[in-house]
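Undergrad: Protein chains in written order, with the numbering used here: chain W, 1 to 676; chain A, 1 to 676; chain X, 1 to 676.
Worth double-checking, as some hints may not be accurate.
Copies of the same chain are indistinguishable here, so a pair counts whether it falls within one copy or spans any two.
[What the hints assert, rightly or not] Keeping only pairs whose Cα atoms sit at most 27 Å apart, straight-line, the calculated BS3-like set for lysine-lysine is: (1) Lys-92 <-> Lys-106; (2) Lys-93 <-> Lys-106; (3) Lys-132 <-> Lys-235; (4) Lys-93 <-> Lys-172; (5) Lys-181 <-> Lys-92; (6) Lys-178 <-> Lys-92; (7) Lys-92 <-> Lys-172.
Simulated from the structure, these hints should not be mistaken for lab results.
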Amino acid sequence: MINDKLPKIWHGGDYNPEQWDSQEIWDEDVRMFKLAGIDVATLNVFSWALNQPNEDTYNFEWLDDKINRLYENGIYTCLATSTAAHPAWMAKKYPDVLRVDFHGRKRKFGSRHNSCPNSPTYREYSEKIADKLAERYKDHPAVLIWHVSNEYGGYCYCDNCQDAFRVWLSDKYGTLEKLNKAWNTGFWGHTFYEWDEIVAPNMLSEEREDNVSDFQGISLDYRRFQSDSLLDCYKLEYNAIRKHTPDIPITTNLMGTYPMLDYFKWAKEMDVVSWDNYPAIDTPFSYTAMTHDLMRGLKSGQPFMLMEQTPSQQNWQPYNSLKRPGVMRLWSYQAIGRGADTILYFQLRRSVGACEKYHGAVIEHVGHENTRVFNEVAQIGSEFNQLGDTLLDARVNAKVAIVFDWENRWATELSSGPSVSLDYVNEVHKYYDALYKLNVQVDMIGVEEDLSQYDVVIAPVLYMVKEGYAAKVERFVENGGTFITTFFSGIVNETDIVTLGGYPGELRKVLGIWAEEIDALHPDETNEIVVNGSRGSLSGSYSCNLLFDLIHTEGAQAVAEYGSDFYQGMPVLTVNEFGKGKAWYVASSPDAEFLVDFLQTVCEEAGVEPLLSVPEGVETTERVKDGQTYLFVLNHNNKVESIDLKDSQYQELLTAQQLSGTVELEAKGVFILAKV
Amino acid sequence: MINDKLPKIWHGGDYNPEQWDSQEIWDEDVRMFKLAGIDVATLNVFSWALNQPNEDTYNFEWLDDKINRLYENGIYTCLATSTAAHPAWMAKKYPDVLRVDFHGRKRKFGSRHNSCPNSPTYREYSEKIADKLAERYKDHPAVLIWHVSNEYGGYCYCDNCQDAFRVWLSDKYGTLEKLNKAWNTGFWGHTFYEWDEIVAPNMLSEEREDNVSDFQGISLDYRRFQSDSLLDCYKLEYNAIRKHTPDIPITTNLMGTYPMLDYFKWAKEMDVVSWDNYPAIDTPFSYTAMTHDLMRGLKSGQPFMLMEQTPSQQNWQPYNSLKRPGVMRLWSYQAIGRGADTILYFQLRRSVGACEKYHGAVIEHVGHENTRVFNEVAQIGSEFNQLGDTLLDARVNAKVAIVFDWENRWATELSSGPSVSLDYVNEVHKYYDALYKLNVQVDMIGVEEDLSQYDVVIAPVLYMVKEGYAAKVERFVENGGTFITTFFSGIVNETDIVTLGGYPGELRKVLGIWAEEIDALHPDETNEIVVNGSRGSLSGSYSCNLLFDLIHTEGAQAVAEYGSDFYQGMPVLTVNEFGKGKAWYVASSPDAEFLVDFLQTVCEEAGVEPLLSVPEGVETTERVKDGQTYLFVLNHNNKVESIDLKDSQYQELLTAQQLSGTVELEAKGVFILAKV
Amino acid sequence: MINDKLPKIWHGGDYNPEQWDSQEIWDEDVRMFKLAGIDVATLNVFSWALNQPNEDTYNFEWLDDKINRLYENGIYTCLATSTAAHPAWMAKKYPDVLRVDFHGRKRKFGSRHNSCPNSPTYREYSEKIADKLAERYKDHPAVLIWHVSNEYGGYCYCDNCQDAFRVWLSDKYGTLEKLNKAWNTGFWGHTFYEWDEIVAPNMLSEEREDNVSDFQGISLDYRRFQSDSLLDCYKLEYNAIRKHTPDIPITTNLMGTYPMLDYFKWAKEMDVVSWDNYPAIDTPFSYTAMTHDLMRGLKSGQPFMLMEQTPSQQNWQPYNSLKRPGVMRLWSYQAIGRGADTILYFQLRRSVGACEKYHGAVIEHVGHENTRVFNEVAQIGSEFNQLGDTLLDARVNAKVAIVFDWENRWATELSSGPSVSLDYVNEVHKYYDALYKLNVQVDMIGVEEDLSQYDVVIAPVLYMVKEGYAAKVERFVENGGTFITTFFSGIVNETDIVTLGGYPGELRKVLGIWAEEIDALHPDETNEIVVNGSRGSLSGSYSCNLLFDLIHTEGAQAVAEYGSDFYQGMPVLTVNEFGKGKAWYVASSPDAEFLVDFLQTVCEEAGVEPLLSVPEGVETTERVKDGQTYLFVLNHNNKVESIDLKDSQYQELLTAQQLSGTVELEAKGVFILAKV
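Looking at chain W on its own, in the form it has when it is part of the complex (with noise of 0.2 Å):
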């Protein structure tokens, strides 16, 4: 439990009473987060302007009167630290806390997340804010969790952040010999020959727009560098707090799929992760799925924080379109069923002024209750209240695995060629997709995750094979695991240097074929992969685009071929028998239409069963706990759907009903069945 001093899901969102000046408005706050079912309130995200006047003074009278106040009406806090945006006077005082642009422009005051990591003062003050909040409110009873800045991100091209970058390389590499190896900077005469000839990769040297570099290598490392650093701020705001507050947990807000931070690493200094989620009017239901999956999995299956979501609209999205009725609700149980204990808002009352005002919020301008959101809110808040900590703490089983790896996803997005429209992500969602269209439970690990838990694993654009992970997928492989895997994995090792010897490199063995080139088309110029015979649900022809190996098998089974080009007949589908299990190679981009049918076939040969079988628009995911099952049934489609429960026996936590057989799930309705 994330902490037991709210045995529930927990219930809130972010609060700012410090953008009000009026004991009325504060009045009214608590009256309605009651009606709402509000418990937790996220205080003080950006108030250090407000905590630390100047240098020398610090106020957090407000911040005591707030909790309290909050407390003594049963609303308990989640303490930010206040970091997330420097005071306007440290900018003015001290301009290395100002970052560096990407085209080497010097930042002046302004925004939010707009410190450098490498300044001493951010890292000074930072540190000292987080010591002084924890000093002050380590024994409050209403603090239930810590909350470090807020949606860490962005890079800075600084002169101490060159300096910290050629430190960091040092420490890495030892020397410039190794470093000169690691980056083969023979290439063009790149040979540094002291540290200081090297500078920080941007648009004034390696890099132009759209992760186009010239220098994979020091690109590469100049994220991982940058991660690294906005890492260390936190863990320095991380043990600030923790050497006064051993026992309440310490988080910060992640972004999802944001591509920017190594989140498998930042989650090992995380006691619970948490995130923010904003899907755009365009994302797909399952997206957003495969996403609190990833979230998840970034501590092994740890249940997690749903941090943020709107109540309705956002204001960042180009068109901001309400959250339709029933939509919230359905999308709060979504997040629940993949792994969430906390639904949590941004916001519970809306600002006034300034560039989020039209952001949805649990009490919205209007002021007072009677509006279709805040009913919806409501709604969730005694459903909530019902479900107690019935599903808190509980996890997810998932014998299917995918793997994701940020850097690999930034050594891809680097690669100069074979295509610019290869997306890492969405070559990993597509797999996900068919998964998920196929009720099958999967987890979304990293790289350093223990396979032998799962019976299939696939990974998809494995471009980058770390130390070690040929082998470990050999032996998973080996005690009968399916692996599966598609073009453009095996060719680098960690530092983006090609595996010589012919692709796909250190998985050449455990898949059995030679890749002899890669043909790269325009994505609407497609090829066909063509069945020889049927296996499983695999049949006839598909389509498939971007990339194209010109596969030899060299031990393995074609399972289908090419249909066209000069290609025609080579695989484009094989599948290798290797100790007991199998590893598979699929060598095109393929339709969804595909996906499915071959994601099918390879869990019926791994004994991999479906949840249950729904009507398409229908998600089901389940969670677990103490042997009890609780599958959750969301219906996305905008009518009635039956949903065939078999003979199993369920009840139904939200109605308490009891059902089994055919049952109806209204519109954007949903079941969480315990089966009895």
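Following the hints, position chains A and X against chain W.
TA: Relative to the frame of chain W, chains A and X by itself:
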């Protein structure tokens, strides 16, 4: 009359003899001007470097010569002050004249309209040269009007501007406390404790491209400040001139719907409004008409100057098509029909080098008068001589007004959410266009205009409601007026702070509605406006898109409802009887067909009559002088159109024919009909 | 012959052994080079940092070793000077080597082709290393040719460049008075009174993205100046080498239609032209053919080197497709057929890291010879051995020339108006493409070329007419030549100042027309070219777009007229009998069908014969040596084509077969037909 020395429609344009060093050319100029009926030349627009070759030397002999020569040949001078581009020597010696751009880059010498408005050097020397010019030419009989600088525009972000901005803010707000509240700096901890913590909002601080800002308050004030800064530059020159020549009018040429300056504020400082009309290849005729009406509205209906138009093509459009035969004449009369008392061209003679050498001119590169374009100019020249002073000072009488406000426009466009596709000017133009098609005369008015002179006032997207404006609207409606406003109105005050208590804020009472939510969808997604029964021309169903207010009536009547989505059946068009008048609310962005039917209904109910009923593509407008009406009928079509003048008897001014009943108007033809 | 040490078509490419530290790899390289028939390796292209690890140390032992080892194995060296990317230490110690970019940003170390051409440091050290290399290897028997730097390009805007620009201008114009007149600085008051008031034209001064400039004069001169500055760098190295090795030819590799350098000026300083041929996925075959012809034309028909092509795919295109089987061979013979005496690849061995690791190579990452690509290379190697010196030094004899001029291109693209869609190279290619389809051999010539050797000279969009060129054209036509030019010709002189008195200026007399106006429409809007009766293959109606001159004949005959718009019936195609010849004017941008019919007519009238009549998709070109013709027939299609050789008897060089009558040419197949 602008200047009674020349009591007719002035005919001339920008003339740059200083670009030539040839008596032969200058002689040809005069010969051809006479052939074309040119009687005004705008001199000295870009001659600063020539007038002041270094810090201490002034040289106006060349200008004496040109003014005199022209005057001896019957051509008057519109005398510019030459300050729209600083000399190269000044940029080298005093770099403070150079701007810092939106990206924070210090510019070097180049281009035009390039001076920092807060540069001490620029202010000193621009005032000084205006003073010298006024002193020298104050008694010259040729000078009809002063033309200060040229097309003021652009913003600067240098340190001088930043310092001046702090002073401007301090003058406006008095205390930082008030500023912090006005900008809601509690958001994201942006509280300022010292004035010099405030920095100019650009790409390096609060803003990004395309009017995106993290703090609308500072961004809005910076626009006001920069508009004021340039206005201060104008006023320095104005006052320097006025001191010497109290009786010669002073103007500067505006640019229609140019976004960066608050022209209503500027017009107060101008003796007569003048503007440059450059429709793009795809500009609707009604947009040009609207812009003329707006320029007329800047000084409450006072006739204005058309300071620039091209005789044929432009050079800076992507595709610079020729003005087809007759079009330049047609558009000239469009300007006159809407309040222009001058028709001036850019330019009288084409330059031989640099970026405007492919811009149309009265005298083209071929250098003689035997061209289509020259002949069209000469025809107009002849007609203007014939028209004499008949139309001078005639006014336009409109009973319908559309409100246009630059500050509201800035705020609307700076808004983060709900939709990036909301375009203030486009929404205004949609209403104007419907009235244009209905042949209803319109005034474009600012928010300071007296409303009592109108029967119908339309304020599309009145997002920002300035102090006292809601009360003014209430009085107008109480007294019998018809008021129309739309979605995204009544939301904020002058510092972009939301009016709490329910949208549309201060307008809620007069409108009798509450807007609970605002949906935003991609512009391709539409809803329907379904009329409840019918009202006037309104019946059946129309289309709407962009934003969709979910409104509840509070006294108003729902005239039409949404036809689909979860708010199907909620009101989309309401009318509230308030005192003796009515207040309409249009809750979404409707299609053109709706607006024609709706505004026809509104006009009929308010007793507003069209000028005439004419075929599509024919435009009408009317000026009135001493009780005599002059009805302009303008045929934009490529074919002859029949015009039904009914029983009225008219004298057509250009042909001196008597017209009545059904008459034919040639393609691109013009009637100026004096009622007899 | 480029160098008679190797009297055959050279076969080899860029080789970077310094990127490897493995005797095993180096041994494999040699073994595989032999298998592939490689006899030339380009060494030392990017090894500056290795050659000169610090300011005082030079190290060429590694290079001795590589040159010797290759030579011992029968492989010659194309020896580069390594100056195309400066060492990191140099950038640190002497920042003047770093460029300032178009946005005014000082760059940091990174990428390549990165040195400021006016950096004293770069000039000193690049000259010095060229000198040292030449001294060291001047007598080495392996060295066939010098390869100075690599793919010169890019502009710099630093203060050193700005200072040098002022000197360059002062040398060119002598006085500021002349410069002010040449640039027409009277416009916008840009008069310069001191040389140091002039600043480099970039985003901070006169220019914007995409060749937009406010002053064409300065922008045009800056392009000339930067092209000259880089050429000066080349010449410094050239002279340093020439001093030591008077007999070894020197070149640098050009880039076809690369926009930034005036290659006609460069070619004068090169002993042999070499270039790098990288067609994009959608480059028409005729565009590549035109570029070969242009490279041949740089030195008036002298055979050239194909210095780089990829054996299969590239890495820097958006989509890097494989070269399909046979295509690389086909394109190699296309180059040879148009004047290449070498076929070299980038690259002999793929690098393992950095941005070109996915660029095709003779030796791929797999490292062995059993690949499709290697086999295709080896086949060519074998064929070149068989061809021996047969084709070396053979010339192309064309009776039709197309004029291409970089300065005219710059001026055309810098023009503000009439149309942003006017693309000089595209207009030139349209004419070339028609002749390509007609199988008429073409020379691409500069403006200094003697015209008397041609029957037909085509100068599309001859916007800038240089001093004496109009007279040259007149003489050519008077003497019986056929001259063709188009809309937007004859407009300006060399400093972009308009020739007054009527377009097309100096060409008006020979063309016998006057263009009164130039209409510009969106490229989607078309007009018709309606032929008056018929002439040769011309009849009926064709389409045209982009620009539309409104011309009046002054002696010329109107062969076709516009079919619509207000200039319907005005001439669109005219021909003027002038002396013994004819001058044609095409007043708009016609469709491909028109150009084929038009140029067929022109060729017939001029007595120019096609090489052969072949099916569409088959290309012909011919080289001649000592009276013997070698006709290349290249089948770009994916199917066998029948070629009708008529009664001629040929020896096919690659198969040694005797051919005549109708023969079959395989898909992607090549004939080299020696007339017998």
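Undergrad: None of the hints should be skipped; say for each whether it holds.
TA: Structure-based check of each hint:
1. For a Cα distance limit of 27 Å, the shortest separation of Lys-92 from Lys-106 qualifies both inside one copy, at 13 Å, and across copies, at 21 Å.
2. Proximity of Lys-93 to Lys-106 under the C-alpha cut-off of 27 Å is found in both arrangements, the shortest distances being 15 Å within a copy and 23 Å between copies.
3. Proximity of Lys-132 to Lys-235 under the C-alpha cut-off of 27 Å is restricted to the intra-copy arrangement: shortest distance 16 Å within a copy versus 54 Å between copies.
4. For a Cα distance limit of 27 Å, the shortest separation of Lys-93 from Lys-172 across copies, 26 Å, qualifies, whereas the shortest one inside one copy, 34 Å, does not.
5. Proximity of Lys-181 and Lys-92 under a CA criterion of 27 Å is satisfied inter-copy only: 21 Å between copies versus 42 Å inside one chain copy.
6. In this homomeric assembly, Lys-178 and Lys-92 come within 27 Å of each other (Cα to Cα) only across copies, at 21 Å, whereas the closest approach inside a single copy is 41 Å.
7. In this assembly of identical chains, Lys-92 and Lys-172 lie within 27 Å of each other by CA distance solely across copies; the values are 23 Å between and 35 Å within a copy.
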